[in-house]
Amino acid sequence: MRHRALVAILTLWAVLLAACGTETGEEDGMDDARRTLEHQRTDVRRVAADLAPSMAAAVGGTVTFLTGQWSGCDSVFPQGHRNFRYGVRGRIDATTPGAAGLDAVVASWREAGLQVEQPAPESSAPGQGGTRSGPLTRSAEEGGVQVSVTAYADQEFLLIGFQGPCVDVPRSQREEWEQRKEGEPDVRLTR
Amino acid sequence: MTEIRLPTEPVKLPEFDCDPALIEGFAADLLAASAQVDDLGTFVAGSARVPTWIGSDADQYRTGITALGTRADAMSLALRGVSQRVSLHATRMTTYETTYSDLKERRLQLSIAIAEVKGLAATATEDQVAEIQGKCDTLNTRSVEFNTDASDFVTDVSEEESAMVAAFGEMQTRDQVMKRYEGVPDPADGALASKPGPDASPSAVNAWWEGLTEEQRQAIIAASPGSIGNLDGIPAADRDAANTVALNRDLAALRLLEERGVLTDSEKEHLVNAEAAEKGLENIREQVDPVTGEPILAQLYIYDPLAFDGDGRVAIAAGDIDTADNVSVVVPGLTNDGGSIPGQATNAADIYTAARYDDPSQTNATLAWMGYDAPDSVPWEGDGQGGWDFAGVVKEDMAERGGERLADTVDGIRAIREGDQPHLTAVGHSYGSTTTGHAATDHGLDVDDIVLVGSPGPGDAAEHATDLGVGSDHVWVGTNSLDPVGGLGDKGWINKGNIELGLGRDPAEDDFGAIRFQAEATDRGTSLDPFDDHSKYFDPNTESLHNIAEIINGHYDDVTRAEHKYDPWYDSPRDPEVWRYPTAPKTEP
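If you read the protein sequences in the order shown, they are chains A and B.
Counting in the numbering used here, the first sequence tops out at residue 191, every number present.
Counting in the numbering used here, the second sequence tops out at residue 1589, every number present.
A hint or two may mislead.
[Unchecked claim] Under 8 Å between C-beta atoms, here's a sample of chain B residues computed to sit facing chain A:
#, residue
1, Gly1134
2, Asp1137
3, Leu1297
4, Thr1335
5, Tyr1357
6, Asp1532
7, Asp1558
8, Lys1586
I should point out that these hints are in silico values taken from the structure, not numbers from a laboratory.
Glycine residues also receive a C-beta, built at the ideal position from the N, C-alpha and C atoms.
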């Protein structure tokens, strides 16, 4: 019976939420969210354009692509997302790939004054600790943009990423951001 | 002073601005038009003949429509021919784009080098002349070669454009079309005559298809896309080509009716599903492969927008099912139908990205499979329809029927990958996990791994993981501890016998025997809507997506295991995961 009661409460909750309609301050938040995300796009592209060449130089490589896109962060039931972010992805074909390349990029970040995050501690969960060498990742922060680099033991390249934080958008704007398509051009690198 | 012979300047390249994607889109439109006209020909040869109508009027009518049908058949062939020529034009223009780009780069390098050597020549002393002359001669050779290549490029592009114009010119009038195509048999007709019957196995279908000529296959794709677009055993690329023809045909026809304001309700539903499929494909193509930077390939694997009383049956893949090392089939749950395929396609692209990011050495394809009729409503909208009864208790009948379709789809993938089998994983979410369970217990789902996330239960027939037929070490369960749906199958000692909400056992419990993996979200429990925790399993940078990617790639040792729920004698089942702090492993660059 406990489960029936739980579902009844959850159901009532969901019905009330659905009946409530708009969220508090939705009108006010609408322009704020749009402005914030538009600024984020500019910031992320700028940081990517500024940093990618020095990251490539650190591993004696070249940037082979650097492309931006919008994406949803946290899903809401039954579908769609409640927040969005802008990100740029890229790849560096490196002469110093793998863990050494990763270290070289991190060193270049430190030289450039970025706040480098500590690597995530190993999970103590049962079953962890496979023998395969999966992606090795390090991250840093630059002007509110998360910068990351991923290396692989068996690949001659590194993947790089630049992402803004997730920004909640008003319910009425979610569809617009889900469908956002701007034909993002490749990021122009600064030289 | 010895005079230095300077190198020839590279010729200026003409402007070359081309959009092969636009040309390919035009070819697709022509093919869709060809299919539409072919439909008219088929209609005239079939039901339009009204066999029950007899008499002289009927004979006169049939004579009239026979001529119309002949013209339609000829026109369809003509449009198809032009479409194929336009498609070839797009391919060639893509090649010319690359050539042009290379020529531009060569010209730039040559111009820089020639400017440098000119500078050297201007200030050269007598003892430097020989060396500089050598450089000039080398550059001259390169420049002459460049000028020849540039001239060839201009000629090739010009010839190709002329050929393209000629292809159109030959089909400008009805007389031209009839002269060329009247009475010409459609290669599709003969090929379709040998098509295996409706009960044929996917392997038999595949053998038939592989036995056709390329011309016959292309003819069927253009003239009769519905006959093979959703047929298990046909390769994914060909299904995609056929379904794209059908989709474009539907969009063109229905949007025209919409413009004219004469859409019926069922046509509106049809258009909604067609546009959802179009959007789903876009949602995948607008994302880039994290390793190559190229747009992710999208394949329209099932397109049946009128199925299930208008709910629609659609499946879209991110990646190439025909060639991928790993193929995963994602089965959505309640509230989903053909109209919700855009969101499912986004999930498929996120899973694809996570798998590629996890292991770039492997290729992947993830199929968002809305191939069954899922419950339309959620419990609080229970209306006796869509899998829930009036008390909000869920039923398994739709999962049972869907399970059979899912097993057929997987058999189809196995058939097209004969001799080159991929690692195949079924991923069932929510009610989709019940469908997946039934596919396994009732129809021997032929996959290597089964993943159940947010599961209300894998169906009554699955008492234990081993019942799913892939071995308990290949049954994986992800349940967010705050996901209310994930708790529906709990059958604790205290509650034993009272529970009717779940759809079988809770697969996250220890005595079910599956492997539970970590699937908590860092923002669990933060939303006002408790059901949000039911929809986070495919979100980027979550434990769940990371582990699903590891399973799909076959990296079992790298899956982070979670402790099972357990059932103390004194209370309802307990979930240790609720006490663990969630992590956010990266699943994308």
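Hints, verified against the model:
1. Gly1134: violated (31 Å)
2. Asp1137: Constraint on B:Asp1137 not satisfied, violated at 32 Å.
3. Leu1297: violated (16 Å)
4. Thr1335: Since the shortest Cβ distance to chain A is 4 Å, the answer is holds.
5. Tyr1357: With a minimum Cβ separation of about 7 Å from chain A (threshold 8 Å), the hint on B:Tyr1357 holds.
6. Asp1532: Because about 5 Å separates B:Asp1532 from the closest Cβ in chain A, which is inside the 8 Å limit, the hint holds.
7. Asp1558: The hint holds - B:Asp1558 has a Cβ within 8 Å of chain A, the shortest such distance being about 4 Å.
8. Lys1586: holds (5 Å)
Checked against the numbered hints given earlier, this structure breaks hints 1, 2 and 3; the rest are met.
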